[in-house]
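A.B. asks: What follows is each chain in one-letter form.
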Amino acid sequence: MKNKNSRRSFIKNISLATFSALALSGCNSEAFDVFLQQNFKTLSKKEKDRIIKNLEIKYKEKYGKEFHVSDRPALEGTSFGYALDLSRCVGCRRCVYACVKENNQSRDPQIHYIEVLQMEKERGIDFAHSTAQYNPEKVPEKGYFYVPIQCQQCKNPPCVKVCPVRATWQEPDGITVVDYNWCIGCRYCMAACPYGARHFNWGEPNVPNEELNTEVHYLGNRPRMKGVVEKCTFCIQRSREGKYPSCVEICPVGARKFGNLLDPDSEIRYILENKRVLILKQELNTQPRFYYFFGI
Amino acid sequence: MNFFRFITGSIKIIFRGSKTYYTWLIILLLLILWGGFGYSGQLAHGLIKTHMRDSVSWAFYIGNFTFLVGVAAAAVMLVIPAYIYDWKPIKEIVIFGELLAVCSVFMCLSFIMVDIGNPLRFWHMLPLIGTLNFPSSMLSWDFFVLNIYLLLNLFVVTYLLYCIFYKKEYKKSIVLPLVLISIPMAVAIHTTTAFLYNALPGRVFWNSALLAPRFLASAFCSGPAILLILFQILRKTTNFEIKDEAIWKIAELMVYAMFIYLFFTIAELFKEFYSGTENILFWKYLLFGIGDHKEIVPYSWSSIIMGCTAFVLFLIPKTRKNFLTLNIGAVLIYGSVYVEKGIALIIPAFTPDVLGQIYVYTPSMTEIRTAVMIFSIGFLLFTFLSKIAIAIVFENYNIESLNPKIYSK
Ligand code: SF4
Ligand code: SF4
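The listed protein sequences derive, respectively, from chains A and B. Per our numbering, the first sequence starts with residue 1, numbered consecutively. Per our numbering, the second sequence starts with residue 1001, numbered consecutively.
Think of the hints as simulated: they come from the structure by calculation, not from any bench. Note that beta-carbon positions come from the ideal geometry of N, C-alpha and C, so glycine has one too. Mixed in with the good hints there might be a few duds.
Lysine to aspartate or glutamate pairs mimicking DMTMM-like chemistry, simulated, CA-CA at most 20 angstroms apart [claimed, not checked]:
{"no.": "1", "chain 1": "B", "residue 1": "K1284", "chain 2": "A", "residue 2": "D126"}
{"no.": "2", "chain 1": "A", "residue 1": "K60", "chain 2": "A", "residue 2": "D265"}
{"no.": "3", "chain 1": "A", "residue 1": "K121", "chain 2": "B", "residue 2": "E1278"}
{"no.": "4", "chain 1": "A", "residue 1": "K60", "chain 2": "A", "residue 2": "D49"}
{"no.": "5", "chain 1": "A", "residue 1": "K226", "chain 2": "A", "residue 2": "D33"}
{"no.": "6", "chain 1": "A", "residue 1": "K53", "chain 2": "A", "residue 2": "D71"}
{"no.": "7", "chain 1": "A", "residue 1": "K138", "chain 2": "A", "residue 2": "E115"}
{"no.": "8", "chain 1": "A", "residue 1": "K281", "chain 2": "B", "residue 2": "D1353"}
{"no.": "9", "chain 1": "A", "residue 1": "K243", "chain 2": "A", "residue 2": "E210"}
{"no.": "10", "chain 1": "A", "residue 1": "K281", "chain 2": "B", "residue 2": "E1278"}
{"no.": "11", "chain 1": "B", "residue 1": "K1088", "chain 2": "B", "residue 2": "E1252"}
{"no.": "12", "chain 1": "B", "residue 1": "K1284", "chain 2": "B", "residue 2": "E1268"}
Just some of the chain B residues that point at chain A, by a computed CB distance under 10 angstroms [stated by the list, open to error]:
{"no.": "13", "residue": "I1048"}
{"no.": "14", "residue": "K1049"}
{"no.": "15", "residue": "D1054"}
{"no.": "16", "residue": "S1057"}
{"no.": "17", "residue": "T1131"}
{"no.": "18", "residue": "F1263"}
{"no.": "19", "residue": "P1352"}
{"no.": "20", "residue": "V1354"}
Here are some chain B residues pointing at chain A (derived, C-beta under 10 angstroms) [what the hints assert, rightly or not]:
{"no.": "21", "residue": "G1117"}
{"no.": "22", "residue": "H1124"}
{"no.": "23", "residue": "M1138"}
{"no.": "24", "residue": "N1147"}
{"no.": "25", "residue": "F1394"}
Go ahead and model the full structure; you've got the sequences and the hints to work with.
C.D. replies: Written out as structure tokens, the structure is:
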């Protein structure tokens, strides 16, 4: 067994070395290191620590700010769930912008993890007749209701299934994350996601320096590069520290609820127990952890 | 050593040619340059230079990829009728079919490379050094079968040409099984590519069991079209002997393929339009446009009109057996399938997107130029390889002609 392993890693090293020598013979050693970096999931604690330290240094150089990059793993006994009260949501899009800020999303080209759809009351939940481009003076508009959509953190995520290089996976607490250093940018996951929850960095992402959030998670809101996919992580940098995601905190009408599905006393369990919930596109068997309900 | 001389001999060949040959090469080189400068913009600034966006996240590039998989598959499948109907130059048909397959797969892989956001990271897909998501991801399957197919075909043609070059008998025990494997492999690459799309339940437009059969049928329309024309050129310029009957037979087989394709498509359309669920939207977008968004309509109708004209031309024996109308038909069907795969298959699956929003996509200049670049490189490669093959197979270019004394007389 050991033999086989060492042979395997030998082949691995040799081919990596040759290949990278060919591909990058002109680059400096740091870029080279990053280029050779393996899938985050397969790294040892030591390697992770080293990578994170280098990242913090690099961010300092690039943005002139102290970043704190966390790689905090999932807590034992947590499985996150989210519930959104459709009868309260007024469609103000504050969650959209809070999310952009918290998660260092690119402003131009623009990336929004949350898309709020305006739907006609008479039609019910009907995507084909909904619009995301509503712009009245005042919301809510008469005759309409609002359905915000973001990653549903599926228990059976099609995006994970299709990724050719395992650059995206579901963490033990249910959050589906992307390793931005491993994603090749093929966008197969975007074709597979039925909720339009995955977003691509079509160009170099752009965040104003003064608006950077420096409290980041490796698998979450750290600055991204062009050519990779990103998505909502239930604010992994916050939720794993016991805080609410930003969208939950900002919502002016309290339509957003978040908690641990395994904790019998959590608010999310209360909702599942006492309200009647629905999930989007249940026929696709994606089994979302994101529930919609009518609170009033 | 022997192999080395075969290679140097082959390289010498590609520099020898008439004025027309050189003009052709220069045209291709100019196109490569023009396309390459377009592509360099994408390399520098990212895929933002294309018109793809989050709503329509796959488009023209992957469509081209799909089209070329079809060409690669059909080129080799032509060996079956060649064998069944006992067309005389079966060895030559194998050689040119496989050369075409090699070039098409090469172009396929190039289209993947320009479509991914981080081309330098493609090694993440390689087994052992990367983490290939096998067998779960259809893309990893596709990558896998395409590469095997490429190697298989490359090996068989090289081996055949090598033997002829050295005036040796090739070993049937090596070639025959490999050719026999390459035929189901041809079906496999195409089916896997269809499954790539088919396996996404969130994209209703693709989620039909007829997708893979339609793929195969349409490939059998476009792939032989190229060979049909190539065979006629070869027949004129070399001593390649293929009877008129064989060419008409290919055309006849293409009619069957077109008919099957038409039938499958009508079955699909019937199901969608008669049941009239909301899934009809994608077909509506393709055929008539939704509201003011009609940008894609000219593409789909040009494809339909070209396809139907070709079908009629091939169906009527008189026009099928007239080489002028036959060739017009071949070009039309090629164009029809190209537009169908390049645009009509991909774009409606994303419009309206999964949340019902419409983003209108048409290819950007960068995408067109990049595609021109890849096609020109592919044609260049095919020109070189055919040149070598023609010299070796028909012009008796062999190891002895490498000896300058003999050659100079
Ligand atoms: S909503 Fe989309 S991105 Fe999120 S887990 Fe499900 S499939 Fe993946
Ligand atoms: S874009 Fe990235 S995360 Fe998505 S499937 Fe491709 S490699 Fe995986």
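A.B. asks: So which of those numbered hints doesn't the model satisfy?
C.D. replies: 2, 9, 18, 24, 25
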